[in-house]
Each structure stands twice: as structure tokens, then as C-alpha cells.
Amino acid sequence: MKYIDFPNLGCRPSTEFVVAGIVDPEPTELNDTSPGEWVFNRDSLPMRRTEWWYHTPTQLWFLVERDTASDEIFDVSLAGDTMDG
Amino acid sequence: MSIRLLKYAFIEDWAEPRFFNTPNELSDSYDVVVIGAGGHGLATAYYLARDHGITNVAVLDQSYIGGGNTGRNTTIIRSNYLTEEGVKFYDQSVDLFKSLSEELDLNIFYSERGHFTLAHSDATLRTARWRAEVNKHYGVDSEVVGPDEILKVCPQIQLDCGGNHEILGALYHAPGAVARHDAVAWGYARRASEAGIEIHQHTKVTAIDTEGDRVIGVTTPRGKVKAGAVVSAVAGFTPTLLSMVGLTSPIEIFPLQACVTEPIKPWLDTIIVSGSLHLYISQSSRGEMVMGASLDPMELHSRRSTFEFVSNLSDQLLDMFPFLSQVNVNRQWAGMADMTPDFAPVMGTTPVRGFYVDAGWGTWGFKATPISGKTMAATVANGRDDDLITGFNLARFGDYELVGEKGAAAIGH
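Sequences listed follow chains S and F, in order. Going by our numbering, 46 is the number at position 46 of the first sequence; the sequence numbering is gapless. Going by our numbering, 180 is the number at position 180 of the second sequence; the sequence numbering is gapless.
Same shape as in the complex, but just chain S (with noise of 0.2 angstroms):
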């Protein structure tokens, strides 16, 4: 079982959050075409990019930046403390 260290959690196993994706933030303009694209389009490469990650039990949201080529976790932040909302 693989545990990380989360801020306000302390070391967790990670089967306890579901790992909702990379952080793609809206574009500030769509045009006739992207919106299909931006929904469904990922960049699914052998990268290290920053993850939402929700933990079940305290439905608290994280950002986690993760290697997914390693699936080493290099750093952990609560989603509020840098994101909006």
C-alpha cells in the first residue's frame, strides 16, 4: 500500500482519494470548435503535471503533483490554499 504525507490528513494510504485528473483550467475564450475539444481532449503523456485529488472520507481537495511515468509524488497542497474556492 502506498501511503503520502497530505497536509491537515498526516500520512494517508492513497486508496482513500479518487484522483479526479490533471488541472486544465478553463480557457478564458472558446471558439465554435474548442469547446468539444477542451471538454474531452487530454494530454495523456509520460509527465510530471499537477492532479486534483479528492479524499472520500474528508471531501477535501487536493493538488498533487505527480510523475506519471514513476507515479512519484513530488509535492501536496490543499486545493483552497492556492486555487480559488
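These are computed hints drawn from the structure, not numbers from a lab. Ideal Cβ positions, reconstructed from N, Cα and C, are used throughout, including at glycine. Keep in mind that the hints are not guaranteed to be accurate.
As the list claims (entries may be wrong) - Here chain S is said to cover these stretches of chain F; the calculated rule only asks that three of the stretch's residues, wherever they fall, bring their Cβ under 8 angstroms from a Cβ of chain S: (1) 140-152; (2) 391-400.
As the list claims (entries may be wrong) - So the derived label-pair ranges between C-beta atoms look like this: (3) S/V23 x F/T22: 39 to 47 angstroms; (4) S/S77 x F/G246: 28 to 36 angstroms; (5) S/G21 x F/Y400: 14 to 22 angstroms; (6) F/Y138 x S/M1: 41 to 49 angstroms; (7) F/S2 x S/G21: 52 to 60 angstroms; (8) F/T206 x S/S77: 35 to 43 angstroms; (9) S/S77 x F/P297: 16 to 24 angstroms; (10) F/L168 x S/Q59: 27 to 35 angstroms.
As the list claims (entries may be wrong) - Derived list of chain S stretches under chain F, where covered just means 3 residues or more per stretch with a C-beta under 8 angstroms from a C-beta of chain F: (11) 42-53; (12) 68-79.
Based on these hints, arrange chain F on the given structure of chain S.
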């Protein structure tokens, strides 16, 4: 030892020819370059030669043939899907599979087992009825059966599943089958090779070369190759390949794990699937229990396997078949699955002329091997999507024309 084998020990010239050619040199140019020598890529090459007379074809693979998801799936073949596009497509695949041993002159050990998709709740039973009706409408043999009929075929099953997930019924699909996946890849490779198609293993494509909106070739560590058309059939690596031509897609890569136990006496001659318990199980002709569960919970471009997978799977499995508690797991492995939001593949033409994709095969690709090859070959030969796959084009996402096949996915998601 058989006399046939013993005979070869005294013959200097090995009587059995190699299965497929392994040319030393890459040509400067091919009519078609297929990236990925798995079942899909090799089948595409074979049908290009058989149906369209296109033989100046090279199949390139970064590793060895059938070493990706072709050799990592649990070999289940079925056509009990939920949408019109899906049912028609997979039904033709099952038909091709039935005659594939003769077609390839190689025994692929195609074995019809019958396929139960268990329902543990009223909601699942409702989806099962829906699927059965769609299937019957298109002439596919599917029906909803009750617990008694399941017990008749598989008396070992515990219908109460430990008390929490009582089995209320199942969708039964009589044509559900298994086959040897390696034989499918090798059989297609041999046939394609006989037609003059070149198979280059350990030849990784590092770039796809374009001119304007047209593909002109590929770059490999062994040099540049010109190509009239390029087909990407690289489950698990599709986003990387697409990024080489500046395309994006909804495909995300998740690991899917599977395992086999030590061989035991034959007891299970059917295929049992439970989406709710995240479990599917069949018994191989060697007697191993072949099992899988659900996708790993997060995106990962890696084929590492985990202990959590086996422990979670065993937890569910033992509710259904407690007597397996003493059976050892021999091997476990993972493959990288191309997941799409609607659980349907991405096939056919792309905005880049001459660049075709056969991707998005998630957890359902092996059963589609023959028909994918056939329709992709027709698509490449005619320069437009084959009628059977128009619904699977990459453009469907931008147009919000999704296919909606999640209800028929065997693997929990």
C-alpha cells in the same frame, strides 16, 4: 519426445521455416507503414495484402511482436455490446475469429465457453435486459438468465457472494470464447510475411514526418523511412504518437492488471464476469485460472504490477469461489490501456492526411483484432473510413457524438 521433434535433432537444415521474415535493412520507402506489431497492426498489414493487394508495407515495433497488450489481455472474445455500432462491429469480429484458425493455418485454440455477466442488483439486471434486447435485435445470441441456470453451468459458484452481493441473474452470451492471443499475433505475422510484408522488431518510431497537412514518413533510430500512409496501432502509447503529429485526443492511459494461478484440474468451462465485484475469471486450457479486476485508479504510463491488485481481487474472488483460497497466484502483469470517455475505440482517418489511428482500445481490444485489421486496411486502401467504423472517428468528440458503450464494459471502471 515425439519422433517428429527427435528427427529435427539429426537434421542440419531446420525443416520448419521461421514464422516471419526479419529483414536486416529498412527500405527507403513503403506504401504503408504500420506502427505497432501487435494483433491489430499485424492484422491490418495482413488484410492490406489479402483484400487490397498492398504489399509494400512495413510493420514497425519498438519491442517484439505481440509483446504489448496483445500478449497481456485475458483473451476473452464476445459481441454482447450495448450500442448499434458496437454490436455490429464486434459481431463481425466474432465471425472472423471462428474461422481464423483455418485462415491463418494455425490453431489459435478458439474455444467457445459461454459468457456470464453477473448481476448483483436490480440496476445491473436492467442493463443486462437492455443489452440482451439490443443483441437479439442484431441477431447476437444473448439472454438474461436466473441464478438456477448459472448454478447449472457453474455449480461451484456461491450465489450469495459472502452475503453482500447476492447474484440475482446474469446476461448469458453463448458465443463468448477464449483464444490464444500469441497465436493470433504470430499467425497474422506469418501470413503477412508470406505476402511480402516486412516486420521490423525493435524499431521504435521517434518522429512522424509531415509536410503541410500530409504525413510523408517516419523517423526511427535506423533511419528515415518515407511512407504514403502511416497507421498508428500502439495501445498504451497512442497519446505519445498523436503528439508527434500535433493531434490531441481524449485518450488517457491507465494500467490494467491481470494474473494467472498455478494450473489446477479443469472445473470452470465458462467465463464469469462481475462488473460490480470487479472480477472476471476463466480457466485456460492449461488449467490456470486467468483473472482480472478493474483498471488502476490513476493514470500511469508504466507496466508495473501491484500487490494491491492481487489482494483486492482475491478478496472479491473468495466471496464467489471460497474453495480457491488454497490456490497460488503464479504470475501477474500489467498492460497500458488507452481509455476513452465513451468506452468505444478511436479508429480511422485523422485531420492529418495519410495518418490513420487504430486506438482507444482500452480494455476491449483483443476481441476486435480481426475486424479492426480488416476495417483499418479498407480505410487505408480507400482513404476514407470504412462504413463499419464511421461512428468511431476521432472527430466524434469535438462533435459531441459519443458512442456510449460503458454499460457493456466487462471491467469495472
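Here's how the hints hold up against the structure:
Note: the segment 140-152 of chain F has 0 residues with beta-carbon separation from chain S under 8 angstroms; the three-residue rule is not met and the coverage is violated. Taking a C-beta to C-beta cut-off of 8 angstroms, the segment 391-400 of chain F contributes 4 residues in contact with chain S, enough for the three needed, and the coverage statement holds. A C-beta distance of roughly 46 angstroms is found between S/V23 and F/T22, which places it inside the suggested range of 39 to 47 angstroms. For the pair S/S77 and F/G246, the supplied restraint of 28 to 36 angstroms holds, since their beta-carbon distance comes to about 33 angstroms.
Checked against the hint of 14 to 22 angstroms, the pair S/G21 and F/Y400 passes, with Cβ atoms roughly 19 angstroms apart. Between F/Y138 and S/M1, the C-beta spacing of about 45 angstroms keeps the proposed range 41 to 49 angstroms intact. Checked against the hint of 52 to 60 angstroms, the pair F/S2 and S/G21 passes, with Cβ atoms roughly 55 angstroms apart. Separated by about 36 angstroms at the C-beta atoms, F/T206 and S/S77 satisfy the suggested range of 35 to 43 angstroms.
Against the hinted window of 16 to 24 angstroms, the Cβ-Cβ separation of S/S77 and F/P297 comes to about 20 angstroms, which satisfies the hint. Here the CB-CB span from F/L168 to S/Q59 is close to 32 angstroms, well matched to the stated 27 to 35 angstroms. Under the rule that three or more residues need a Cβ within less than 8 angstroms of chain F, the assignment of the segment 42-53 of chain S holds, with 6 such residues. For the segment 68-79 of chain S, the proposed coverage by chain F is satisfied: 4 residues have a C-beta within less than 8 angstroms of a C-beta in that chain, meeting the threshold of three.
The structure shown violates just one earlier hint, number 1.
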